[in-house]
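Residue numbers (this note's numbering), protein chains in the order written: chain A, 147 to 357; chain B, 147 to 357.
Everything labelled a hint here was simulated from the structure, so no lab data went into it. Please note that the accuracy of each hint is not assured.
Said to hold, decoys possible - Which residues of chain B face chain A? A few of them, derived with a C-beta cut under 7 Å, are:
# : residue
1 : D190
2 : H193
3 : I311
4 : T319
5 : L323
6 : Y326
What the hints assert, rightly or not - Derived, one-sided and incomplete: chain A residues facing chain B with beta-carbon distance under 8 Å:
#  : residue
7  : I163
8  : E182
9  : P184
10 : P186
11 : N191
12 : R195
13 : S234
14 : W267
15 : A271
16 : L279
17 : D336
18 : A342
Just so you know, even glycine gets a beta-carbon here, dropped at the ideal spot from N, CA and C.
2 protein chains.
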Amino acid sequence: MQIAILLYEGFTALDAIGPYESLSHIPGTSTVFVAERPGPVGNDNGHLRVRVEAALDDVPRPDVLLVPGSGRYAEQQTNPAVLDWLRSADRTSAWTASVCTGSLILAAAGLLTGRRATTHWYGLAELGDLGALPTDARYVFDGKYVTAAGVSAGIDMGLALSGRIAGATHAQTVQLLMQYEPRPPYAAGDPATAPAGIVAAARRTLAAVIG
Amino acid sequence: MQIAILLYEGFTALDAIGPYESLSHIPGTSTVFVAERPGPVGNDNGHLRVRVEAALDDVPRPDVLLVPGSGRYAEQQTNPAVLDWLRSADRTSAWTASVCTGSLILAAAGLLTGRRATTHWYGLAELGDLGALPTDARYVFDGKYVTAAGVSAGIDMGLALSGRIAGATHAQTVQLLMQYEPRPPYAAGDPATAPAGIVAAARRTLAAVIG
Numbered sequence: 147m148q149i150a151i152l153l154y155e156g157f158t159a160l161d162a163i164g165p166y167e168s169l170s171h172i173p174g175t176s177t178v179f180v181a182e183r184p185g186p187v188g189n190d191n192g193h194l195r196v197r198v199e200a201a202l203d204d205v206p207r208p209d210v211l212l213v214p215g216s217g218r219y220a221e222q223q224t225n226p227a228v229l230d231w232l233r234s235a236d237r238t239s240a241w242t243a244s245v246c247t248g249s250l251i252l253a254a255a256g257l258l259t260g261r262r263a264t265t266h267w268y269g270l271a272e273l274g275d276l277g278a279l280p281t282d283a284r285y286v287f288d289g290k291y292v293t294a295a296g297v298s299a300g301i302d303m304g305l306a307l308s309g310r311i312a313g314a315t316h317a318q319t320v321q322l323l324m325q326y327e328p329r330p331p332y333a334a335g336d337p338a339t340a341p342a343g344i345v346a347a348a349r350r351t352l353a354a355v356i357g
Numbered sequence: 147m148q149i150a151i152l153l154y155e156g157f158t159a160l161d162a163i164g165p166y167e168s169l170s171h172i173p174g175t176s177t178v179f180v181a182e183r184p185g186p187v188g189n190d191n192g193h194l195r196v197r198v199e200a201a202l203d204d205v206p207r208p209d210v211l212l213v214p215g216s217g218r219y220a221e222q223q224t225n226p227a228v229l230d231w232l233r234s235a236d237r238t239s240a241w242t243a244s245v246c247t248g249s250l251i252l253a254a255a256g257l258l259t260g261r262r263a264t265t266h267w268y269g270l271a272e273l274g275d276l277g278a279l280p281t282d283a284r285y286v287f288d289g290k291y292v293t294a295a296g297v298s299a300g301i302d303m304g305l306a307l308s309g310r311i312a313g314a315t316h317a318q319t320v321q322l323l324m325q326y327e328p329r330p331p332y333a334a335g336d337p338a339t340a341p342a343g344i345v346a347a348a349r350r351t352l353a354a355v356i357g
């Protein structure tokens with residue numbers, strides 16, 4: 147079983163690495179990071195450069211297809227090479243998955259039309275504009291499509307998807323290996339419950355990046 | 147303010163990226179990944195290769211020093227180049243931090259002697275053997291030293307440390323940007339509460355890697 151994680155210039159590192167850390171533990175799988183062009187691919191603030199060795203054409207039929215998000219997701223929504231590859235790889239994938247604004251790329255490829263899906267809280271309206279049925283949940287399964295909310299939600303999604311693929315005993319063991327018993331230091335992770343001033347500050351930050 | 151994240155062959159990706167994702171948002175900071183030798187550095191299972199551009203000598207005085215863990219931490223506990231750099235960088239750091247078995251490397255460098263610290267649950271006894279005061283907590287502050295439990299605990303630690311450095315309003319905003327409202331799909335992240343069979347399976351996996 148092959149797991150392909152799409153990287154592109156400006157990807158958010160935790161979007162990719164959160165689910166990677168659990169999915170890569172599934173027995174009998176190999177994981178490959180794939181990009182439009184092999185070579186170094188930089189994350190959103192340019193600190194991290196991943197040396198990607200596989201081009202899109204090198205990975206035509208992954209079993210699991212995962213698209214991380216980015217503040218720069220719009221560049222991929224209009225990138226024919228990426229959109230064509232997503233549509234083609236999705237034809238034979240067992241699972242097509244995303245984290246954060248990665249679902250806005252999948253939706254732009256037409257893969258989420260009429261499906262329940264989620265994304266970063268800031269992007270839920272756009273997800274609906276793109277034809278999906280926006281769902282405010284940590285992660286959403288609709289058939290073989292599984293989408294996670296913003297950034298850190300990919301960790302929860304990755305473990306849940308691991309459970310679907312390899313069973314709950316395996317996924318629980320990986321959760322314990324990762325010591326995933328989260329204790330967020332603040333109660334600020336959800337716009338519905340975070341302090342109003344924090345929500346306003348986050349919206350300003352995102353508006354400056356995304357519009 | 148400079149944040150230095152040490153990478154070495156076999157590092158666990160989420161150990162590094164979890165806290166990176168919050169710490170890199172601190173205003174006025176630059177983050178640098180640093181390794182003994184510049185060039186590609188592979189993670190524990192070799193899927194991810196990070197192109198590191200800074201050698202240890204290029205980053206002599208980081209303000210924040212962060213050491214991720216690995217199943218292969220023992221190689222670094224006896225690596226004089228890394229140990230010397232940690233001791234030297236620690237002399238002027240404002241914060242010296244670790245995730246998972248990264249604290250076992252800090253302890254091997256003599257930096258945690260007599261200090262309260264934590265690590266992956268599987269490594270707490272070794273942390274005591276190395277002279278620290280093992281503390282079973284999600285993350286532990288002792289003066290400028292902050293250590294996190296296994297793998298995913300670096301996310302909580304990174305946000306808590308962001309709060310110490312840049313204030314709670316900033317850290318809460320970053321938590322909301324990351325949508326960090328975790329919903330683990332299973333109750334298996336802590337050996338004290340995970341099902342006994344899961345704990346036994348995780349111990350077998352770790353014994354095969356670490357001993």
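Evaluated hints:
The restraint placing D190 (chain B) at the interface with chain A is violated, with a minimum CB-CB distance near 9 Å, outside the 7 Å limit. For H193 (chain B), the interface hint holds, since its Cβ comes within 7 Å of a Cβ in chain A; the closest pair sits about 5 Å apart. For I311 (chain B), the interface hint is violated, since its Cβ never comes within 7 Å of a Cβ in chain A; the closest pair sits about 13 Å apart. Hint status for T319 (chain B): holds, given a least beta-carbon distance of 5 Å to chain A, under 7 Å.
With its C-beta approaching chain A no nearer than about 5 Å, L323 (chain B) sits inside the 7 Å limit, and its interface hint holds. A cut of 7 Å between beta carbons decides the hint on Y326 (chain B): the least distance to chain A is about 4 Å, and the hint holds. Because the closest C-beta pair between I163 (chain A) and chain B is about 4 Å apart, less than 8 Å, the hint holds. With its C-beta approaching chain B no nearer than about 17 Å, E182 (chain A) sits outside the 8 Å limit, and its interface hint is violated.
About 11 Å separates the beta-carbon of P184 (chain A) from the nearest beta-carbon of chain B, more than 8 Å, and the hint is not met. Among the interface hints, the one on P186 (chain A) holds; its C-beta lies about 5 Å from the nearest C-beta in chain B, closer than the 8 Å criterion. Hint status for N191 (chain A) relative to chain B: holds, with the closest Cβ pair at about 6 Å, below 8 Å. For R195 (chain A), the interface hint holds, the least distance from its beta-carbon to any beta-carbon of chain B being 4 Å, beneath 8 Å.
A cut of 8 Å between beta carbons decides the hint on S234 (chain A): the least distance to chain B is about 23 Å, and the hint is violated. A cut of 8 Å between beta carbons decides the hint on W267 (chain A): the least distance to chain B is about 6 Å, and the hint holds. For A271 (chain A), the suggested interface contact is broken, since its CB lies about 16 Å from the closest CB of chain B, more than 8 Å. A hinted interface residue such as L279 (chain A) counts as satisfied when its beta carbon comes closer than 8 Å to some beta carbon of chain B; here the least separation is about 19 Å, so the hint is violated.
With a least beta-carbon distance of about 4 Å to chain B, the hint placing D336 (chain A) at the interface is held under the 8 Å criterion. Below 8 Å, beta-carbon pairs count as interface contacts, and A342 (chain A) has none with chain B, the closest being about 11 Å; its hint is therefore violated.
Hints 1, 3, 8, 9, 13, 15, 16, 18 from the earlier list are contradicted by this structure; the remaining hints agree with it.
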